[in-house]
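Using our numbering, read the sequence shown as starting at 1 and increasing by one per residue.
There's no promise every hint is true.
Capping the alpha-carbon separation at 20 angstroms, the derived lysine to any residue pairs in SDA-like fashion look like this [as the list claims (entries may be wrong)]:
#1 Lys104 to Phe78
#2 Lys64 to Leu85
#3 Lys152 to Arg57
#4 Lys64 to Ser80
#5 Lys64 to Leu155
#6 Lys64 to Gly122
#7 Lys53 to Leu70
#8 Lys64 to Leu160
#9 Lys104 to Gln151
#10 Lys53 to Glu68
#11 Lys108 to Leu75
#12 Lys108 to Leu161
#13 Lys108 to Leu160
#14 Lys64 to Gln135
#15 Lys104 to Gln135
#16 Lys152 to Pro139
#17 Lys108 to Gly158
#18 Lys152 to Lys53
#19 Lys152 to His171
#20 Lys152 to Pro92
#21 Lys64 to Ile133
#22 Lys104 to Lys53
#23 Lys64 to Leu42
#24 Lys108 to Ser134
#25 Lys64 to Gly89
#26 Lys152 to Pro94
#27 Lys104 to Ser134
#28 Lys108 to Gln135
#29 Lys104 to Ala83
#30 Lys64 to Ser134
#31 Lys108 to Gly122
#32 Lys104 to Asn126
#33 Lys152 to Asp112
#34 Lys108 to Glu68
#35 Lys108 to Leu81
#36 Lys108 to Lys53
#37 Lys64 to Gln151
No lab work stands behind these hints: they were computed from the structure.
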Amino acid sequence: MNQHDHDSDLDQGNEPQDAENPLIAELETLRNEVDQLRAASLLERADLDNQRKRVARDIEQARKFANERLLGDLLPVFDSLDAGLAAAGSEPSPLRDGLELTFKQLLKVAGDNGLTVLDPTGEAFNPEHHQAISQTDAPGADPGSVVQVFQKGYLLNGRLLRPALVVVARHD
């Protein structure tokens, strides 16, 4: 191989390298753009997924509490039926039996729609579900326990709709 051939090989070797440098730079630029687009796409997909989950939660909450107003408006009816049963006494009669059956049916329908009755007699006072209207000396009752319920409370799917009005045993 003579000097001339060697010089031409070097020239040929240099030319492709010079031509490759702009191509390599452009390739790197395109790779960076693709990486940025991929990252942006992943962020958008995550945002859409979070939004979908949030909407699903909101729909579930709306479904669970859609009948809150109706059931809240029925609470005085429950109270009246409860008072009517208490006034009717414990002796069986057709009127008392009919009133009790109506009350049970109404409570079942309300229960099927998420309503739970709070009748905490004998339970420990719970300020999240009970409203104490007074305290009393109650021999034999645990201090801080509910000894009397003036008005039952209600939960709707675990959320307080109305607290129970109670009398609590006094602490010694």
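Hint check:
At most 20 angstroms may separate the alpha-carbon atoms for a hinted pair to count; Lys104 and Phe78 meet this at roughly 10 angstroms. With a CA separation close to 30 angstroms, the supplied pair Lys64 and Leu85 exceeds the 20 angstroms bound. At roughly 30 angstroms between alpha-carbon atoms, Lys152 and Arg57 are farther apart than 20 angstroms, so this suggested pair is violated. Between the alpha carbons of Lys64 and Ser80 the distance comes to roughly 26 angstroms, so the proposed pair goes past 20 angstroms and is violated.
Straight-line distance between C-alpha atoms of Lys64 and Leu155 comes to about 12 angstroms, which keeps the hinted pair within the 20 angstroms bound. Simply put, Lys64 and Gly122 have alpha-carbon atoms about 30 angstroms apart, too far for the 20 angstroms limit, and the pair is violated. Of the pairs offered as hints, the one joining Lys53 and Leu70 is violated, with about 28 angstroms between alpha carbons and a cut-off of 20 angstroms exceeded. Straight-line distance between C-alpha atoms of Lys64 and Leu160 comes to about 13 angstroms, which keeps the hinted pair within the 20 angstroms bound.
In summary, the hint linking Lys104 to Gln151 is supported, as the alpha carbons are separated by about 17 angstroms, within the 20 angstroms threshold. Only pairs whose Cα atoms come within 20 angstroms are accepted, and Lys53 paired with Glu68 is rejected, the gap being roughly 23 angstroms. Of the supplied pair hints, the one linking Lys108 and Leu75 holds, its CA atoms being roughly 14 angstroms apart against a limit of 20 angstroms. Simply put, Lys108 and Leu161 have alpha-carbon atoms about 17 angstroms apart, close enough for the 20 angstroms limit, and the pair holds.
With a C-alpha separation of about 18 angstroms, the suggested pair Lys108 and Leu160 falls inside the 20 angstroms cut-off, and the hint holds. With a C-alpha separation of about 35 angstroms, the suggested pairing of Lys64 with Gln135 is violated against the 20 angstroms cut-off. A C-alpha spacing of about 31 angstroms is found between Lys104 and Gln135, which places the hinted pair above 20 angstroms, so the restraint is violated. Restraint check for Lys152 and Pro139: not satisfied, since their Cα atoms lie roughly 23 angstroms apart, outside the 20 angstroms limit.
Pair hint Lys108 plus Gly158 holds up; C-alpha atoms about 16 angstroms apart against a cutoff of 20 angstroms. The hinted pair formed by Lys152 and Lys53 fails the criterion: a straight-line CA distance of about 36 angstroms is larger than 20 angstroms. About 23 angstroms separates the Cα atoms of Lys152 and His171, which puts this hinted pair outside 20 angstroms; it is violated. Between Lys152 and Pro92 the alpha-carbon distance is near 24 angstroms, which puts this suggested pair outside the 20 angstroms criterion.
For the hint pairing Lys64 with Ile133, the CA-to-CA distance comes to about 30 angstroms; that exceeds 20 angstroms, so the pair is violated. Between Lys104 and Lys53 the alpha-carbon distance is near 38 angstroms, which puts this suggested pair outside the 20 angstroms criterion. Distance restraint check for Lys64 and Leu42: the Cα-Cα separation of roughly 33 angstroms exceeds the 20 angstroms cut-off, and the hinted pair is therefore not satisfied. Between the alpha carbons of Lys108 and Ser134 the distance comes to roughly 31 angstroms, so the proposed pair goes past 20 angstroms and is violated.
Distance hint between Lys64 and Gly89 is unfulfilled; the C-alpha atoms sit about 37 angstroms from each other, more than 20 angstroms. As the CA atoms of Lys152 and Pro94 are separated by approximately 25 angstroms, the hinted pair breaks the 20 angstroms bound. With a C-alpha separation of about 30 angstroms, the suggested pairing of Lys104 with Ser134 is violated against the 20 angstroms cut-off. For the given pair, Lys108 sits about 33 angstroms from Gln135 by alpha-carbon distance, which is inconsistent with the 20 angstroms threshold.
A threshold of 20 angstroms between alpha carbons decides the hint, and for Lys104 with Ala83 the separation of about 14 angstroms falls inside it, so the pair holds. Restraint check for Lys64 and Ser134: the C-alpha separation of about 34 angstroms exceeds 20 angstroms, so the hint is violated. As the CA atoms of Lys108 and Gly122 are separated by approximately 24 angstroms, the hinted pair breaks the 20 angstroms bound. Note on Lys104 and Asn126: the hinted pairing is violated, with a Cα-Cα distance of about 26 angstroms set against a maximum of 20 angstroms.
Annotation: proposed proximity of Lys152 to Asp112 holds, straight-line Cα distance about 18 angstroms (limit 20 angstroms). As the CA atoms of Lys108 and Glu68 are separated by approximately 16 angstroms, the hinted pair is consistent with the 20 angstroms bound. Between the alpha carbons of Lys108 and Leu81 the distance comes to roughly 14 angstroms, so the proposed pair stays at or under 20 angstroms and holds. Pair hint Lys108 plus Lys53 does not hold up; C-alpha atoms about 32 angstroms apart against a cutoff of 20 angstroms.
For the hint pairing Lys64 with Gln151, the CA-to-CA distance comes to about 24 angstroms; that exceeds 20 angstroms, so the pair is violated.
Violation of the numbered hints given earlier is confined to hints 2, 3, 4, 6, 7, 10, 14, 15, 16, 18, 19, 20, 21, 22, 23, 24, 25, 26, 27, 28, 30, 31, 32, 36, 37; the remaining hints are satisfied by the structure.
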